[in-house]
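Assemble the complex: chain A is given as a structure, and chain B must be docked to it using the hints.
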Amino acid sequence: MRSTRPERFRGQSAPLSLRELETLFERGYDTGSKRFLAAVWGLDPDHVTAEQLSGVLADREHLEKRLEGVVSLQQIALGHVASSGGRLRGESLRRELLLRGFGETTESLRDLVERGLLVPLPSPGESEFDIEKLLEHENFLQHELAVGEAVYERFSGFSSDVGPEALGTFSGAIRETAVSSIESLELNLLHLTSALSKEALRLNKSGTPNRRSLGRAAAGIVLPGQSGLASEPLDLNDPLQLDYLTFLLALSVELGLVELDAYHLVAVPGAMEKYFTSDELRRDRQLLLAIQNVKYWSEIKSLALSKNRSRLPAGEQFSQFEATGEPLIGARGYVFSVLKRARLEGWTPLDALVALCASLDRSYLTRVLARSHEEIEPEDYIQTVLRRALVWMGFLQLGESEDGMELARFHARGRQALGIASAAGEGAESSAVAGAGGPTGCMIVQPNFEIMVFLDAAPLEVIYFLYRVGVRIGLSDRMATFRLTAESVQRGFSQGESAAGVRERLTGLSHTPVPDSVAFQLDDWERVHRQLQFFASGVILRHRDPDRLELVIDQFEHDLGGEGQLIRIGPTTVFVMTEREDLLGRLIERESALVVDYLGTLPPCISFVEPLVVQVDSTACDFITLSELLRVGVELDDPPEGCSRAGRYFALDIAKIRQRWPEDSLDAVLEFLEQRVAGGVPAAQALKLQSLLDQPAYARLRHDVTVIVLESKAVADRFEAIPQCQELELERLGDCSFSVPSKWLGRLKSVFDEVGIEFDDSDVS
Amino acid sequence: MSLKSSLVVHRGVALVMCESSAILEETLRALDSSSLSQLHMQRLGDRALAMPAYEVEIVRRALEERGIYPKIVGTLEESSDSSKEDDEEEDV
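From first to last, the protein sequence lines are chains A and B. Just so you know, the first sequence maps onto residues 244 to 1008 in the working numbering. Just so you know, the second sequence maps onto residues 86 to 177 in the working numbering.
The hints are simulated quantities; they were obtained by calculation from the structure and are not laboratory data. As the structure is a computational prediction, the values presented were derived from the model and not from experiment. Possibly wrong hints are sitting among the right ones.
[Stated by the list, open to error] Result set (BS3-like, lysine-lysine): computed pairs, CA atoms no more than 27 Å apart in a straight line:
hint: 1; chain 1: A; residue 1: K583; chain 2: A; residue 2: K538
hint: 2; chain 1: A; residue 1: K956; chain 2: A; residue 2: K931
hint: 3; chain 1: A; residue 1: K441; chain 2: B; residue 2: K156
hint: 4; chain 1: A; residue 1: K992; chain 2: A; residue 2: K956
hint: 5; chain 1: A; residue 1: K538; chain 2: A; residue 2: K448
hint: 6; chain 1: B; residue 1: K156; chain 2: A; residue 2: K517
For reference, chain A alone in the conformation it holds in the complex (with noise of 0.2 Å):
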């Protein structure tokens, strides 16, 4: 016996034998505590021996006596420990309940340590253990607690999942009060990023939508609370809508499915195939980190909206300018880790998932949501991300008990985009559910070309699909209704769809054959499409003579060896669509070629022939250049005589110049002309512009004036300031010459003859 101390009780996974228990009072415990420990369970204080102690831990006849006032959350409690192997530090014991939603368990623990029921142990070397300066300052918790043996054996069979369900503290039926699911909210995503990728949403100079545009973007969301309906038309004067579509802009925003263009939100077409047609995990993921980086939608600006029912404060909060989300970034991801540690099966009361969070890391918390400026306690705060962000991520079930308590869970999806522990069995088995023999027979192609699909057995990348081709006409609870129409499958088509694609794969989805008309209206509809092509960017190359162009474009076709697309559009022109800026490079040093980039500074292309007519090179003249000599002249049929055939000539037309450059008409022209005539526009025909269309430049002749030229300007001042000169009816011509009426000759000559001038009138007759 004596051998046997107290650390010997440490890491071992077993309940206290009798034995241990005898030490652990003999010489783990001091005098103090035993006293206080025999007064706690009845015992004579001044009397009582270790062999007592350990005698009423061990009693297996009195336990249940002893259980006695023992409440379902205390028993859970021993349970826990019991599951654990009898033993587990007061700590970690607190945090598994509080992460399974018991909330603050800190007193029902140290009431069972006063009942005996867990017996701290000593840290190891320490001796003369004081109980009661231990429950005293709360330190209970840094020991490991350890049940006895008799205790351990009535709690074995317990199961450690069991949930806050099982403390009775909510009971009946549960009613939902906020329905979502995160497959509802991905519809919603797919349906407002389609509207968008058919037209932008345009924004005020406020960022906050424009309500015309916003209407037509968000007919037929489905709302917070509607199960499974869409709601059309939509009220844009109620704030919990607005901000409910603000929430979706901004998750579509942080998902990189539509991006800030100006004053437009637009639809990123790349980036909606990419996360539509990826598997369900990949996108929870996504979803959960854009939720936790979301920064124009703020869930506490959300949450006091929808409590005041007022607008008109919170107009920021609707603006896709204002990153109102952005300081939260912090404070949402500790919620969000907190989470993820959590072990909630089935319903929890909310108010104990809060104290989950508030209770983990209460000071980072705190931290967190003083740099983001937001005055809200962290309760509050859990709140709104629990209420507002995860309840419309259709992460979180909101529901309450008959006897209103409000109590929360965790979708099988939103455990899984959270990653909680055992939700990965029902997720997979909810992925399996959709994914059971594929998702063939999950719509049905009627002749009329609408397409009823059932949502619950279609894959989301389908209806991603059916987005592309057809339109959306009709959604109720389980089942979406589409049409195919010229125009949505054309647009299919213009995303890379085909007629053959589309009918494969209604063929394959389709629980019945997919109908000859809608077959057959495919085939022409794509025969339609493919009448007008885009060819979105290359060079064009241009000759005057055709044989040499032929030559040219032979050794070209040669060189590109199949890398490229030529289209021959005349005899003097060919279109290429090429990668290899190399070859095209040599091309243009082989051939001496002029370039026309229209990217870089136009080439000169304009000359003038005649007053105000000019000419251009039919093959070397930009498109620019030739689309505004239409707009602002008139094309000859014949060239003016002695011109060249080979270009086009253009007669400028004032009326047109005005109409193409209303205001500063004559600005505007000379500076269009400036930039494409080598060597700038001819004094002669600037005049004759200006002319036209401003005034006609004034010109004065005089006859029978002598001019009068002085040495310099100061000269000149000096002359002009004499008074005699005043009477002269001089005129100054620039800064040193005047002229004056022949008339006046002699009087000029007395006044330079009387300050000085010296003069050659030798030219004056």
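Frame of chain A, contents of chain B only:
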């Protein structure tokens, strides 16, 4: 003006190719709107339209607004769409 070389290379050009001249006429009619008056399309032959590549996205959008969805070859260049009319007034 005279050219040093007879080969001219227009770079950064988009091409709209129609199956027939009738389709081209139809397309031009669809594009005949004041909102597109600033664009610089040029007709080349009976079936083709050429324009600076940065303007083609505006043309595509305009056609799509009229229910015409052309087949796109290559990646369209983004455009600031300065010619697009703001048909909706600012909310007050």
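These are the hints, each one checked on the structure:
1. Between K583(A) and K538(A), the direct Cα distance comes to roughly 22 Å. Compliance with the 27 Å bound is thereby established for this hinted pair.
2. At roughly 34 Å between alpha-carbon atoms, K956(A) and K931(A) are farther apart than 27 Å, so this suggested pair is violated.
3. In summary, the hint linking K441(A) to K156(B) is supported, as the alpha carbons are separated by about 16 Å, within the 27 Å threshold.
4. Restraint check for K992(A) and K956(A): the C-alpha separation of about 20 Å stays at or below 27 Å, so the hint holds.
5. Distance check on the hinted pair: K538(A) and K448(A) sit about 19 Å apart at the alpha-carbon level, within 27 Å; holds.
6. Restraint check for K156(B) and K517(A): the C-alpha separation of about 21 Å stays at or below 27 Å, so the hint holds.
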